[in-house]
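Those protein sequence lines, which keep their order, are chains A and B.
To convert, take the position in the first sequence, counting from 1, and add 292; that gives the numbering used here.
To convert, take the position in the second sequence, counting from 1, and add 292; that gives the numbering used here.
Rather than coming from a laboratory, the hints here were simulated on the basis of the structure.
Hints may be right or wrong, so weigh each one.
Note: identical chains are not told apart, hence a pair may lie in one copy or across any two.
To be verified - Straight-line alpha carbon distances no greater than 25 angstroms define the calculated DSS-like cross-link-like pairs of lysine-lysine that follow: (1) 456 to 727; (2) 343 to 703; (3) 681 to 553; (4) 326 to 341; (5) 512 to 533; (6) 727 to 479; (7) 456 to 522; (8) 640 to 553; (9) 333 to 727; (10) 671 to 711; (11) 707 to 767; (12) 727 to 703; (13) 574 to 625; (14) 703 to 479; (15) 358 to 343; (16) 479 to 453; (17) 671 to 574; (18) 625 to 553; (19) 707 to 640; (20) 392 to 424; (21) 307 to 343; (22) 326 to 671.
Model, not experiment: these values are computed from the prediction.
There are 2 protein chains.
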Amino acid sequence: MVKMDVNPEKTNKLKYFFEPRSVAVVGASRNPLKFGHFLLKNLLDLGFKGKVYPVNPNADQILGLKAYARVDMIEDDIDLAVIIVPSFKVPKIMEDCSKKRVKGVVICSSGFRETGESGQKLEDAILTVAKKAGIRIIGPNTTGILNTSNNFTTSFAPLPKLRKGNVAFIAQTGLFAAAAFWWIVSKQPFGVSKIIGLGNKCDVDDAEVLEYLTQDEDTKVIAIYMEGVKNGRKLFDIFRKVTENKPIVVLKSGRTPAGMKASMSHTGSLAVNDEIFDAVCKQTGVIRVSGDLEELLDITKAFALQPLPKGNKVAIITVTGAGGVMAADECAKQGLELANLSDATLNKIGSNMPSWAVVNNPVDIEPLFEAVGPEDSIKIALNAVLEDKNVHSVIVLFVAVPRFIPIFDIKDIIKDVIKRKYEPKPIFTHLIGFKDTVELYTRQLEEEGVPVYSSIERCVKALGALWSYKAYQMKKACGGKH
Amino acid sequence: MVKMDVNPEKTNKLKYFFEPRSVAVVGASRNPLKFGHFLLKNLLDLGFKGKVYPVNPNADQILGLKAYARVDMIEDDIDLAVIIVPSFKVPKIMEDCSKKRVKGVVICSSGFRETGESGQKLEDAILTVAKKAGIRIIGPNTTGILNTSNNFTTSFAPLPKLRKGNVAFIAQTGLFAAAAFWWIVSKQPFGVSKIIGLGNKCDVDDAEVLEYLTQDEDTKVIAIYMEGVKNGRKLFDIFRKVTENKPIVVLKSGRTPAGMKASMSHTGSLAVNDEIFDAVCKQTGVIRVSGDLEELLDITKAFALQPLPKGNKVAIITVTGAGGVMAADECAKQGLELANLSDATLNKIGSNMPSWAVVNNPVDIEPLFEAVGPEDSIKIALNAVLEDKNVHSVIVLFVAVPRFIPIFDIKDIIKDVIKRKYEPKPIFTHLIGFKDTVELYTRQLEEEGVPVYSSIERCVKALGALWSYKAYQMKKACGGKH
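I would like the entire structure built from these sequences, with the hints used as guidance.
Listed below in structure tokens is the structure:
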């Protein structure tokens, strides 16, 4: 396999992938069932303002645009070519791109290294052309780029209506990224700045994209799904650099021999020792999730919506004793400690309680219900712990049991809290009960920026990730060696 | 604390808790904001056919029923008294129950051992009366019983519309059980046979309820949330006995010092060494979940809907390569192995694939889409692996990406599979993509008994639990010592 050298100038070239002024879509098709049709349609539907040139030797016009037989027949300069033709045709297209002095190509086609030896040769061939011509490649075997700031995309998977936001998502793989994106847009309260599908990573890899995203003002959090690592040292350095300013959350699969084998036939990824990768993450302040996409999104949501905690002392407010016990268990596993609530806090909460009730942390507010109702119960407890200097973050565990606990506008509580302008402390919530009410409260809370989780474990894990990143930063600031 | 002896006759007495012919509701109230009102109303609304007697010295009639000043003033025999009055009044009520020769009491009131020393004394006092009179107690500090087969309940938390089913749920705690129950009924595809909230377990404990449920024909799976264990040896013996016929899934919290402390002030549960409890579960074939309620329900759903696998060889059918890699990783963690698909299976799937595609396990069916469409792609792959003798269970990972993959009636696929009457093999699915489509497919699949999970990890963990239980049974059948 041909190796590219690391060169800072090359990184600048990535801007052509995200902000191209002119794009050739090679393999654009009039047939509405073909990927080449979807790809062009996505780009036009999104409202991309740059110039778009379909390339297809068998068509004069596609979706109202003049089509060209070859890339090098386009009169205009071309920043980026997106290629979606059968793999065996790609080397010839690369020659055309070389003639045209195209700056970057995104190769969406499959049928390369991931399929075995002959595919590997094909991939080597296109890389040789690219190296000679100074063309950078994203892919092959990917959906490529989505940039919500300029409505640019190379995705052949249909896209939902976009919600712009502060999360960049790097995935190795196409349809998975598309499905994940649909899931994010339709289910998650945060928005997206960039999505990058890297595919086989024959040239551009995670490290370079991370370098680009470090400087991207639209991106606050970076979430990554990766299978293989090509250049561990380079990744280590860039991880360290990025986490100085932005959290990185990584889901890396191919952890077991069975997973590695499956990964080999998927993106042709090389195996990497999983324990080494774990150590790299720990030393660079990168949050590695142990689960799957659900956990990646759980934690990404936390970083996207909430401030970092100043320390590891947590107040748990709960309606059920059982919830408090489970949350306390999970806090211990996450390196979080239950705060010793101040006397002032205990008094504020306890003064309305029946005589038999004891105020502790976890704060069980159920005994308050009969005295002041559920809405004020939460307000009293939440305001008390947010004012308490011993508390760095708050977990609220609530249930939606219709008729027993009347439905109320949960937004009021959050607005009341926001109004009081406490020093920012992360607030995390878990809800359980009647599905419709849970969904209503979830929507209301997340619109106000308070993340909701459907399991206590997931809720506390997400807070644990914020604390873990903060602890890394604190240690580094104190001159701790990593 | 007074200890009760183990006595087989006492177990039979539990039937009065589940199938009472006559019930006194002590603390029934006309005030629609009081728990004592909810409790009586629940019982009447559910349509319980036994006799119901409200007890309240300050009322003549409650909800249309004649009220009595004391339990022992009721003319009829009383099988069960449900008590929901302030804790200090309970000893007197117990004396009345003793005079009336009541067989069992459910004490819903709080304010006992969980609140400290004086509460502990109160709890000891009522237990002394009960022991002398031969009355069994469930509680205190609980919601008690729900039996869907005769519409009987002692719950003061409002109940949703019931779906009868094969899952019994034992919880230590009231509002949590209520919230969990709402969650189950509104979100889960399985139904419930019994719910039992044990509270402080001053008398009747998990072991006795398990013994009752072993013989309960309505119950196929038993899910337990517990904090403390009172009599480990007794629990060990009953675990062994029950798992011969029915799976037990346990969520035990209070695993860490912080959790134990929280548990102490919740149900006054005594700490139990967590590693010992873990070992007990392993040796008795009990599935202990490491997460929280979400995982408990994930696994319970699996047992409720699917047959056990005959072995640990899994076929993974996936639309995204990334999904296949993650599922393969998780299988390895769960002791599941990827099946070597037979040549016949590989041919059936491969014959429609484009030439560059390679069929493996995980089976990536995306290359089939252009040839036969998504619906037939799944059918071809699913039927092939279900026919394959090398395969014991199947995981299907699907995405809902509108326009790209057209919406189709996913039920057709399942019905096609069911029609063919293969040897039963568990089928588990994971869905990701556009929320509305994911929810539609989830409903359609689960109506046909195919469980759907929103994360690959959770999906494979649930299958792993089925295999773990089956492996325990196989080992035991071969004379393996536990």
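Right, here's what the structure says about each hint:
1. 456 to 727: For residue 456 and residue 727, only the inter-copy Cα distance (18 angstroms) is at most 25 angstroms; the intra-copy one is 28 angstroms.
2. 343 to 703: Neither: 45 angstroms inside a chain and 45 angstroms across chains, both beyond 25 angstroms.
3. 681 to 553: Classified as between: cross-chain Cα gap 22 angstroms, same-chain 51 angstroms, threshold 25 angstroms.
4. 326 to 341: Classified as within: same-chain Cα gap 24 angstroms, cross-chain 64 angstroms, threshold 25 angstroms.
5. 512 to 533: Answer is within: at 14 angstroms inside a copy they meet the 25 angstroms cutoff, but 55 angstroms across does not.
6. 727 to 479: both (15 angstroms within a copy, 6 angstroms between copies)
7. 456 to 522: Neither way: residue 456 and residue 522 sit 31 angstroms apart in one copy and 54 angstroms across, limit 25 angstroms.
8. 640 to 553: For residue 640 and residue 553, the Cα distance is within 25 angstroms only across copies (22 angstroms; inside one copy 58 angstroms).
9. 333 to 727: between (37 angstroms within a copy, 23 angstroms between copies)
10. 671 to 711: within (12 angstroms within a copy, 56 angstroms between copies)
11. 707 to 767: neither (34 angstroms within a copy, 58 angstroms between copies)
12. 727 to 703: Close inside one copy (18 angstroms) and across copies (23 angstroms); limit 25 angstroms.
13. 574 to 625: Close inside one copy (16 angstroms) and across copies (22 angstroms); limit 25 angstroms.
14. 703 to 479: both (19 angstroms within a copy, 24 angstroms between copies)
15. 358 to 343: Within one copy only: 12 angstroms inside a chain, 83 angstroms across chains, cut-off 25 angstroms.
16. 479 to 453: Close inside one copy (12 angstroms), not across copies (27 angstroms); limit 25 angstroms.
17. 671 to 574: neither (38 angstroms within a copy, 44 angstroms between copies)
18. 625 to 553: between (32 angstroms within a copy, 15 angstroms between copies)
19. 707 to 640: within (20 angstroms within a copy, 59 angstroms between copies)
20. 392 to 424: Classified as within; 13 angstroms inside a copy, 98 angstroms across copies.
21. 307 to 343: within (16 angstroms within a copy, 78 angstroms between copies)
22. 326 to 671: Result: close only across copies, 22 angstroms inter versus 55 angstroms intra.
Figure legend: structure checked against the earlier numbered hints; hints not met, in rising order: 2, 7, 11 and 17.
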